[in-house]
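Peer 1: Each protein sequence line maps, in turn, to chains A and B.
Counting in my numbering, the first sequence runs from -4 upward without gaps.
Counting in my numbering, the second sequence runs from -4 upward without gaps.
Check before you lean on any hint, since a few could be wrong.
Copies of the same chain look alike in the list, so a pair counts if it works inside one copy or between any two.
Unchecked claim - Okay, derived cross-link-like pairs now, DSSO-like style, lysine-lysine, Cα gap no bigger than 30 Å in a straight line: (1) Lys126 / Lys280; (2) Lys129 / Lys319; (3) Lys420 / Lys242; (4) Lys420 / Lys343; (5) Lys241 / Lys313; (6) Lys319 / Lys420; (7) Lys242 / Lys60; (8) Lys60 / Lys319; (9) Lys375 / Lys60; (10) Lys129 / Lys25; (11) Lys328 / Lys209; (12) Lys280 / Lys375; (13) Lys20 / Lys207.
Since the hints were derived computationally from the structure, they do not count as laboratory data.
Protein chains: 2
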Amino acid sequence: MERGTDYNRMDIDELNRQYQALQEKYEGFKSRGMSLDMSRGKPCPEQLELSRGMLDILSSEDSLKAMDGTDCLNYGGIDGIPEAKQLFAQMLEVGASEILVGGNSSLTMMHDALSRAMLHGVYGSATPWGKLPKVKLLCPSPGYDRHFAICELLGIEMIAVDMLPDGPDMDAVERLVREDDSIKGIWCVPKYSNPEGITYSDETVDRLAGMKTKASDFRIMWDDAYTVHHLTTKPDRLKNILEACKKAGNPDRAFIFASTSKITFPSAGVAVLASSEANLNFIRKQLSVQTIGPDKINQLRHVRFLQNMDVLQAHMEKHAAIIKPKFDIVLNKLESELGGKNIASWIKPNGGYFLSLNTLDGCAKEVVRLAAEAGVTLTKAGATYPYGSDPRDRNIRIAPTFPSAEELETAIDVLCVCVQLASIKKVLAS
Amino acid sequence: MERGTDYNRMDIDELNRQYQALQEKYEGFKSRGMSLDMSRGKPCPEQLELSRGMLDILSSEDSLKAMDGTDCLNYGGIDGIPEAKQLFAQMLEVGASEILVGGNSSLTMMHDALSRAMLHGVYGSATPWGKLPKVKLLCPSPGYDRHFAICELLGIEMIAVDMLPDGPDMDAVERLVREDDSIKGIWCVPKYSNPEGITYSDETVDRLAGMKTKASDFRIMWDDAYTVHHLTTKPDRLKNILEACKKAGNPDRAFIFASTSKITFPSAGVAVLASSEANLNFIRKQLSVQTIGPDKINQLRHVRFLQNMDVLQAHMEKHAAIIKPKFDIVLNKLESELGGKNIASWIKPNGGYFLSLNTLDGCAKEVVRLAAEAGVTLTKAGATYPYGSDPRDRNIRIAPTFPSAEELETAIDVLCVCVQLASIKKVLAS
């Protein structure tokens, strides 16, 4: 594929001509009155079809007893049925006593974990976090906007830390947590990270598990949302954080979150929390006041449908077969339209739900604005940073799974024109 | 039916003879090695069968679009699908814009409402409740132990208020809330109350809605758990609290909670919160950070199964046909074994899940202990009062729905023997 010319090497006339041509193209898109949404990581309808069978998996004829005899229709049990614990413990490579299976939303589990920490502290806390003058969380960025929203809601101060190719900048992380006891934790999407698709290296995992923290009740919020969401046949391997924490002598440091929202149904999945037994015992006490227990029938549905890790992996391959071509469309377009022009960079992810595009500094907001005017909704510029503020105004999250291939082609065409328009303006102004 | 002799009028010899006879009966029960649980208000297996059809109501062939076009399988919508709002708004006699449909547990909604109040305040709060030196809630007692557990967990001080035949002692309530701005709310189970089965009078509802409260952000926690759970063909009528609050000029005072846990499945029901639009708008903002939205498929299942209020009412009549005979067993036994003896009193409820038995002062713990030794588990004595402490040690909650009729007969036989044993000891000691 022929690559474009470096915009920084073009002279002003060339740039202006290029701008005119792009502007015409842009006006063409605008006149089509499109309405394409690429803002959220939603499975597409074809992906949802893969799990339709789960709607038939239980019938009124079936026994609805869990393997321990619990009637899944009635009250009882606040941390999940044993067979669900078994399955998801395998998925996360933890023990069946190290997992708690809940409702339909891992986001709720994360919110509630921090909300409980503010109100009651975590296992081993001397003081509820909310009673302290200040609570801070490290936020490797770009990261997941909904994590940041939880912090904002709870009044937890966010400290952005750069993401490097193998995870958060651990030198910075180690320095910060060693010095400041108000830093109580760190957000991590350790595998196929949101938005960059990066998987943390073993060294990163070990450093997170072993680092000295001034706060004795420091917690790693390990959002393993994409643990089985591979896009290649050679999946990334993520080192087991719970094991690493145990080995490092910090057995209670990690909360692992995951869900089947993007395995079965986003609306009606099953969410899990894995952690040390001490952490789970502490949490169960509060949970037994908060709830009469999770929907056990939906857990049973999941276990009967997903069965075991082999069936689950085969199911995930069907997801990959649907969305991998969409990632390829984006990557090919980015390469053909923006490659070689020295105005944007991106990473090819091996899994997950997102692509992350970095423009020239100071261009992201303008690109998102231009795209919106042409009918393409992107995730708000800045959303991938704490307080919605990207210090270099360059990161744009691309969510390619929901639109059809055709819509995606158009949307990325629009995006690429917008990136070029904004870049030329930037280059001309500098 | 012949009634017993007043124990207070028996002489010591008569009482001792009676005690011996009862003790023999008691030992007979003990030797049977029974294990009967009457501690929790759980539907029995036959009740669960009534809703089995709901497991087949959706199939993979069906459209899973809500009436507004929302795909119930995918992300989207944080406060329930429109048809679920419609149905449950009818059930609670509120507007469709005054309701929010959530997950499987109204207890979670209540916990979260207070947890949010502590962390962020409620609509109109000057300060999050948790930042105030003290927060108190009024607890009409006997009441629901799980309400009290939420207060204990959140560090909310509980003030017991007596229950009268038409609701809480409103003279006491009005006096307390007028004087103390740290009293931020009141727990109410206004219809077929837990445990007494009392329904609040119109006057009580109006006084709650209209009373002057020193706290400007006072909230009524209106747990309308048994709103359609009638035991007679002449159901109690409860005055609409939301209307009453509006009329009284306190439109944001009430949070109404309900669920289908005891309509369909305890484990997989649908919970709702009804309140003013201002309250719901305030809550939705926080909810959108806490969750990706409730299980919309389960909401659709409920709407397709329960359809409308006529079908729902007919369904509830089937519940009543199963559990009414159980209430009758208890009431008949209590009358035949304890009637006329002046050692116990109870109220005949028109609905709900419980009967409340008051023994002579100082006897409840002993009765529950004796029953447990004979293999009958009752709700812990004191559980119906804040901090598990019944000041007169006399209230025992009876949950008759789960055991079979045969088990229930035996369990109440045991209970009645235990009440008499404890009463004679008490009378002899005084």
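Peer 1: Take the hints in turn and mark each one as holding or not.
Peer 2: Hints, verified against the model:
Taking the shortest alpha-carbon separations for Lys126 and Lys280, both the intra-copy value of 20 Å and the inter-copy value of 24 Å come in at or below 30 Å. Taking the closest pair of Cα atoms, Lys129 and Lys319 never come within 30 Å of each other, the shortest separation being 43 Å inside a single copy and 56 Å across copies. In this homomeric assembly, Lys420 and Lys242 never come within 30 Å of each other (Cα to Cα): the closest approach is 53 Å inside a single copy and 60 Å across copies. For the homomeric pair Lys420 and Lys343, the shortest alpha-carbon distance inside one copy (27 Å) is at most 30 Å, but the shortest distance between copies (80 Å) is not.
Taking the closest pair of Cα atoms, Lys241 and Lys313 never come within 30 Å of each other, the shortest separation being 35 Å inside a single copy and 54 Å across copies. For the identical chains of this complex, Lys319 and Lys420 are neighbours neither inside a copy (34 Å) nor across copies (78 Å), given an alpha-carbon limit of 30 Å. Proximity of Lys242 and Lys60 under a CA criterion of 30 Å is satisfied in neither setting, with 38 Å inside one chain copy and 49 Å between copies. In this homomeric assembly, Lys60 and Lys319 come within 30 Å of each other (Cα to Cα) only across copies, at 27 Å, whereas the closest approach inside a single copy is 38 Å.
Taking CA atoms no more than 30 Å apart as the test, Lys375 paired with Lys60 passes between copies only; the shortest distance there is 28 Å, against 46 Å inside one copy. Taking the shortest alpha-carbon separations for Lys129 and Lys25, neither the intra-copy value of 47 Å nor the inter-copy value of 58 Å comes in at or below 30 Å. In this assembly of identical chains, the alpha carbons of Lys328 and Lys209 never lie at most 30 Å apart, being 47 Å within a copy and 64 Å across copies at closest. Taking identical chains as interchangeable, the C-alpha atoms of Lys280 and Lys375 lie at most 30 Å apart only when they sit on different chains, with a minimum of 18 Å there against 39 Å within one chain.
Taking the shortest alpha-carbon separations for Lys20 and Lys207, neither the intra-copy value of 55 Å nor the inter-copy value of 66 Å comes in at or below 30 Å.
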